[in-house]
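Participant: Those protein sequence lines, which keep their order, are chains A and B. Position 98 of the first sequence, counting from 1, maps to 98 under our numbering, and the rest follow consecutively. To convert a position in the second sequence, counted from 1, into our numbering, add 441.
Note that these hints are calculated values from the structure, not bench results. Quick reminder that beta carbons are idealized off the backbone N, C-alpha and C, glycines included. Check the hints yourself; a few may be wrong.
Said to hold, decoys possible - Computed cross-link-like contacts, EDC-like style, restricted to lysine to aspartate or glutamate with a CA-CA straight-line distance of at most 20 Å:
hint: 1; chain 1: A; residue 1: 8; chain 2: B; residue 2: 480
hint: 2; chain 1: A; residue 1: 28; chain 2: B; residue 2: 501
hint: 3; chain 1: A; residue 1: 112; chain 2: B; residue 2: 473
hint: 4; chain 1: B; residue 1: 620; chain 2: A; residue 2: 30
hint: 5; chain 1: B; residue 1: 476; chain 2: A; residue 2: 118
hint: 6; chain 1: B; residue 1: 622; chain 2: A; residue 2: 142
hint: 7; chain 1: A; residue 1: 116; chain 2: B; residue 2: 462
hint: 8; chain 1: B; residue 1: 495; chain 2: B; residue 2: 538
hint: 9; chain 1: B; residue 1: 579; chain 2: A; residue 2: 142
hint: 10; chain 1: A; residue 1: 311; chain 2: B; residue 2: 556
hint: 11; chain 1: B; residue 1: 476; chain 2: A; residue 2: 30
Unchecked claim - In silico contact screen, one side only, chain B against chain A (beta carbon under 7 Å); selected entries:
hint: 12; residue: 501
hint: 13; residue: 509
hint: 14; residue: 540
hint: 15; residue: 570
hint: 16; residue: 590
hint: 17; residue: 591
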Amino acid sequence: MTNKEIEKKIGKAFSNAVPQVFDEVLRKCEKEKPTPQTVENKSYKVIGLKKILSVAAMIAIIFTSGLAGFGIANLDKVDSIISFDVNPSIELKVNRKEKIIDATALNEDAQKVLGKMDLKGSDLTVAVNAIIGSMLRNGYIDELSNSILISVDNKNEKRSASLEKRLFNEISEILVDGAVISQTLKKNEKIIKLAEEYGITRGKAQLILQITADNSKYKFKDLAPLTINDLNLIASGEKVKITSSGKASEKQYIGKAKAKKIALSADKVSENDISDYKAGLKYKSGKMVYEIEFKTETAEYEYIINATNGKIIKEEIERKGQEEPLTPTLTQPTVDENTAKASVLALAGVGEQDISNYICLIDYNGEAPYYNMSFTVGEVLYVYNVDATTGEITTVQNGNPQEEVTSETPSEPQEIPSSDTDISSITESTAQSETEQTQSQ
Amino acid sequence: MVFLMAVYENLIDEQTQNTEELIKEIALGSQDAFKVFYESTKTAVYSFALSFLKNTHDAEDVMQTVYVNVYHSAAQYTAQGKPMAWVLTITKNLCYEKLRSASRFGQIVGDAENDISLSNDMNIDDRLFAEFCLNSLKADERKIVVLHAISGLKHREIARLLDLPLGTVLSKYNRAIGKIKNHLQGGEYGDQ
Numbered sequence: 001m002t003n004k005e006i007e008k009k010i011g012k013a014f015s016n017a018v019p020q021v022f023d024e025v026l027r028k029c030e031k032e033k034p035t036p037q038t039v040e041n042k043s044y045k046v047i048g049l050k051k052i053l054s055v056a057a058m059i060a061i062i063f064t065s066g067l068a069g070f071g072i073a074n075l076d077k078v079d080s081i082i083s084f085d086v087n088p089s090i091e092l093k094v095n096r097k098e099k100i101i102d103a104t105a106l107n108e109d110a111q112k113v114l115g116k117m118d119l120k121g122s123d124l125t126v127a128v129n130a131i132i133g134s135m136l137r138n139g140y141i142d143e144l145s146n147s148i149l150i151s152v153d154n155k156n157e158k159r160s161a162s163l164e165k166r167l168f169n170e171i172s173e174i175l176v177d178g179a180v181i182s183q184t185l186k187k188n189e190k191i192i193k194l195a196e197e198y199g200i201t202r203g204k205a206q207l208i209l210q211i212t213a214d215n216s217k218y219k220f221k222d223l224a225p226l227t228i229n230d231l232n233l234i235a236s237g238e239k240v241k242i243t244s245s246g247k248a249s250e251k252q253y254i255g256k257a258k259a260k261k262i263a264l265s266a267d268k269v270s271e272n273d274i275s276d277y278k279a280g281l282k283y284k285s286g287k288m289v290y291e292i293e294f295k296t297e298t299a300e301y302e303y304i305i306n307a308t309n310g311k312i313i314k315e316e317i318e319r320k321g322q323e324e325p326l327t328p329t330l331t332q333p334t335v336d337e338n339t340a341k342a343s344v345l346a347l348a349g350v351g352e353q354d355i356s357n358y359i360c361l362i363d364y365n366g367e368a369p370y371y372n373m374s375f376t377v378g379e380v381l382y383v384y385n386v387d388a389t390t391g392e393i394t395t396v397q398n399g400n401p402q403e404e405v406t407s408e409t410p411s412e413p414q415e416i417p418s419s420d421t422d423i424s425s426i427t428e429s430t431a432q433s434e435t436e437q438t439q440s441q
Numbered sequence: 442m443v444f445l446m447a448v449y450e451n452l453i454d455e456q457t458q459n460t461e462e463l464i465k466e467i468a469l470g471s472q473d474a475f476k477v478f479y480e481s482t483k484t485a486v487y488s489f490a491l492s493f494l495k496n497t498h499d500a501e502d503v504m505q506t507v508y509v510n511v512y513h514s515a516a517q518y519t520a521q522g523k524p525m526a527w528v529l530t531i532t533k534n535l536c537y538e539k540l541r542s543a544s545r546f547g548q549i550v551g552d553a554e555n556d557i558s559l560s561n562d563m564n565i566d567d568r569l570f571a572e573f574c575l576n577s578l579k580a581d582e583r584k585i586v587v588l589h590a591i592s593g594l595k596h597r598e599i600a601r602l603l604d605l606p607l608g609t610v611l612s613k614y615n616r617a618i619g620k621i622k623n624h625l626q627g628g629e630y631g632d633q
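Next comes chain B alone, as it looks inside the complex (with noise of 0.2 Å):
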């Protein structure tokens, strides 16, 4: 198990170029090099979207837009070996404008009152533990870690993307990471 982890990290930095490679032939048209981009970014996609927007339908939808921005505007990329912040800036940008036209019609989306419920169908274990995530961390805390733990990205491109100073993304992910760590450790008994 230790040994195939070991592998599975030198496989990282071989993702960056490939996830660039795909991108270029985006750019020139193959559906297939779409797809696999598509199925290797997608959970980092949808779940960054799903820590701004905490609502399953608003996450989709912008992971839907997400994917058709990239698949218009592969050609515009120059390749910087920041693929997955490129993706993501995407994902951030269509989230504000989510939150903006949702403000517009007096909806309130974002960092709602509202706990939110993801879908019946997921494992419960799992639809537990993101539910949790998603409802008791802070809203930079849950976007911090969740670009962390599932894009890949440095704390120091967290930085970037978020806007925040890095020590700040550092001392949210920490504090993030212990809270998570406290609950699966059962904690005090229930989380009151």
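Just chain A, with the same shape it has in the complex (with noise of 0.2 Å):
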């Protein structure tokens, strides 16, 4: 990633922090100092608009019409409504002659996107080139975030669904690497309450209703504030019914080859062991998770995956069988350190001020856990084990100068903390060895 392209995309999520205050800033200004209109309004065009605009019919495509022939037309009578939603939405009031009767801005990002243009009057081909040119310079539309909604609303159904093709087909070929969702508007009276209360167009509502109709673990609410793109990838990754070409952009999310990985090396699974895997975008609990499943001869996971910066929420292991416990099943111990340090000084006869490099680790025999304590008494070495479920002691090593004694530990021992002594740091030598290791204090 570039440095502009990061700072294009810092510009982006700052851009939508900024709360509007224009008003209240207005109404400080007059209270404290009037001031009268002296200069006339002149019309402010976003900056360089002119240039954009005339890019923009250069790749517009010039259809005919083929809807002429009506009678005389209302000029002011809305023909068509078409929605764009990618994460601004605006709303094109179009007359029979695909003239723009009314551009809407329906959030504060539509406002950034429309601007100081004026539509009225231009032709739709125009205007849908001016919209689209404007979020892509806005950083609405990048490769991202590369996806948007078209939603047509037309009486007529036939004219509808030929406005709609064309749309689409003509922003599929603006938008190179987009992907683009076109569908007709349904007259549904659940949908227009839906947009209204959540403050979204009747297009977006629509789709966000396909979505939980056949998903009910998605909430309206939920999926009502996410951007097109978002909506899209859970759309084709539970395979909702939805008229789009192109790819929704994963590029904001670590990508499903990296939770793979992830999910892989949190066990340490190799990639040749899996069998049965399946991995997906989802949305959970308000964020994009990546759902990864895979089994292994000797267990089933199942793991969630943060997909926007690879951390695991969630881990489920089944493991078949239990040879080898690991550690959250394997048996707490029940006798606490100092106590079995007690009893282990007391049978070695000493007291807790003769004895120094004192070291305790725990360990497993099978599933019962042990104590391995050894410490120095002047030059003398004792190494006692004693059994955490029972106190029992066993004496591995007592009062002898200090030598090699092989260490019985099945598999890795653990550090507990110790009160009384610094551990710095237990490696996998055996603990004889360690006990000759300065301690730092």
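Starting from two chains that each stand alone, build the complex the way the hints lay out.
Facilitator: Rendered as structure tokens:
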């Protein structure tokens, strides 16, 4: 990723964070000092828009209108309503001659896209190109988030369908790496109500309803704030039937390949050992996640991984048989270390003040935990194993000068913090060689 | 897309000219010019305040005061080709004032131990990303990165605004971008 791309992403993220305070500012300005309007209202076009429009016009596809000849058309009558959703939501009211009667921004992002563009009276094609150009320029459509939803609403179903198809093809060609979803709006009270309630276009509401209709795990209110790109990802993940071209961008997420790597390395599973591998990008508890499942000969795995940063949110491992129990299923010691230590010292016939280099490790004999305690008294080395469930002591080394004794530990010894001493780090070497290490204070 | 980008870059210098014209109009009392000025600078102002104060309410307060100040002091602005630096200096001074008044009341503002949480109304990805930039970068790093990415200030101008040596600004910028790049590309498995 180049620095420029990163900065663009920063710009986009922060511009979405800005609250709308202009009215409040105006109020405060007027309160302190009423200023008369001495300058006539100029129309400040968005800087350079003319340049963008001419570029857009160059790439516009000119298509013949097959809809002429219906008598004298009332040019102010709304014939079709076309809405565009990416994250910004824009609604265009169009007359029979496909000229724009009105262009409305339905949210703040859309206001930014429309800026000071005056689209009234423009040809639909020109308007569409201007809007897409502005979305590209403002970073709402980019390689990280490339999906746009077109919804067409026209009383005449045939016309609706043909408009939809045309716009779909046209925009698919403009957005070479984009993903376009199109739909004809259905007359549905529920859609209208939900759209109003959540402040989104009817088109977006309809798309969300399509997703939730087949998948009750998704709630409308959770999906409403998502971008079309995310909704597109969810829809294709859940195999919802929509008319779409292109592929929704997954580039803002870590990608299925990386997620697979993370899942496999969590329990050190090798790629060659797995079967029944399933992976999907889903939306769960407020974030996009990868849901990964696979099996090995000895266990079944399920992972939920944060799609943005790769953190494992949930890990579920079901093992077949319990020959080698892992940490969570091991028996916890019931005898505490200090008690065990006291009995060991008593057995050795020494006091707390006599010993040095005290090290205590927890280890497991199959499932049974035990303490491996060692210390020196002067030059003499003592080593004991204490069963952590029964407290029973086994003497391993008692009172001989320091010499090598083979350790009987079956698996990796683990360190437990001791209140008496500082154990800086315990490596896999035998307990004896550790007592020879100097301890850091 | 590349073509559009090239066109856009050319527009930045036009933008300075236009912004200064807007300020002149604001000085004459034009609300229209004021609105356009607000729209084209609000992200830079708010983000900078946010990177300073790490608190949405305070940043919003500061933002409002900045524009009221601009409105009243537009007449005092002398065109030197640095309108953004002017606005952001106002922002910076107001942020310092906010910090001083907060510490007087015993509140901890600014380089707070607390992480910032942005509005739930935001798109999730943007929110997470902006929160990351604010929470995971050091104070100077986030100010510098935000200034460079959003307000278009050059490193030299950032150095002057923040009263830091140019070399420091450059190295902190690079470090910050590096952290963000790492985060975006997944980094280690989880940012522990």
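Participant: Each hint should be assessed against the structure and marked as holding or not.
Facilitator: Evaluated hints:
Only pairs whose Cα atoms come within 20 Å are accepted, and residue 8 of chain A paired with residue 480 of chain B is accepted, the gap being roughly 18 Å. In summary, the hint linking residue 28 of chain A to residue 501 of chain B is supported, as the alpha carbons are separated by about 14 Å, within the 20 Å threshold. Distance check on the hinted pair: residue 112 of chain A and residue 473 of chain B sit about 16 Å apart at the alpha-carbon level, within 20 Å; holds. Distance restraint check for residue 620 of chain B and residue 30 of chain A: the Cα-Cα separation of roughly 44 Å exceeds the 20 Å cut-off, and the hinted pair is therefore not satisfied.
The suggested pairing of residue 476 of chain B with residue 118 of chain A holds, with an alpha-carbon distance near 17 Å, which does not exceed 20 Å. Using a Cα cut-off of 20 Å, the hinted pair residue 622 of chain B and residue 142 of chain A holds, with the two alpha carbons roughly 17 Å apart. Taking the CA atoms of residue 116 of chain A and residue 462 of chain B, the gap is near 17 Å; set against the 20 Å cutoff, the hint holds. With a C-alpha separation of about 15 Å, the suggested pair residue 495 of chain B and residue 538 of chain B falls inside the 20 Å cut-off, and the hint holds.
A threshold of 20 Å between alpha carbons decides the hint, and for residue 579 of chain B with residue 142 of chain A the separation of about 29 Å lies outside it, so the pair is violated. For the suggested pair residue 311 of chain A and residue 556 of chain B, the alpha carbons sit about 19 Å apart, so the restraint of at most 20 Å is met. Restraint check for residue 476 of chain B and residue 30 of chain A: satisfied, since their Cα atoms lie roughly 14 Å apart, inside the 20 Å limit. Taking 7 Å as the C-beta contact cut-off toward chain A, the hint placing residue 501 of chain B at the interface holds, the least distance being around 5 Å.
Using the Cβ-Cβ criterion of 7 Å, the hint placing residue 509 of chain B at the interface with chain A is satisfied: the shortest such distance is roughly 5 Å. Given the 7 Å rule on beta carbons, the hint for residue 540 of chain B is violated: about 20 Å separates it from the nearest Cβ of chain A. With its C-beta approaching chain A no nearer than about 5 Å, residue 570 of chain B sits inside the 7 Å limit, and its interface hint holds. This hint holds: residue 590 of chain B has a C-beta 4 Å from the nearest C-beta of chain A, less than the 7 Å allowed.
Taken as an interface hint, residue 591 of chain B checks out: its beta carbon lies about 5 Å from the nearest beta carbon of chain A, inside 7 Å.
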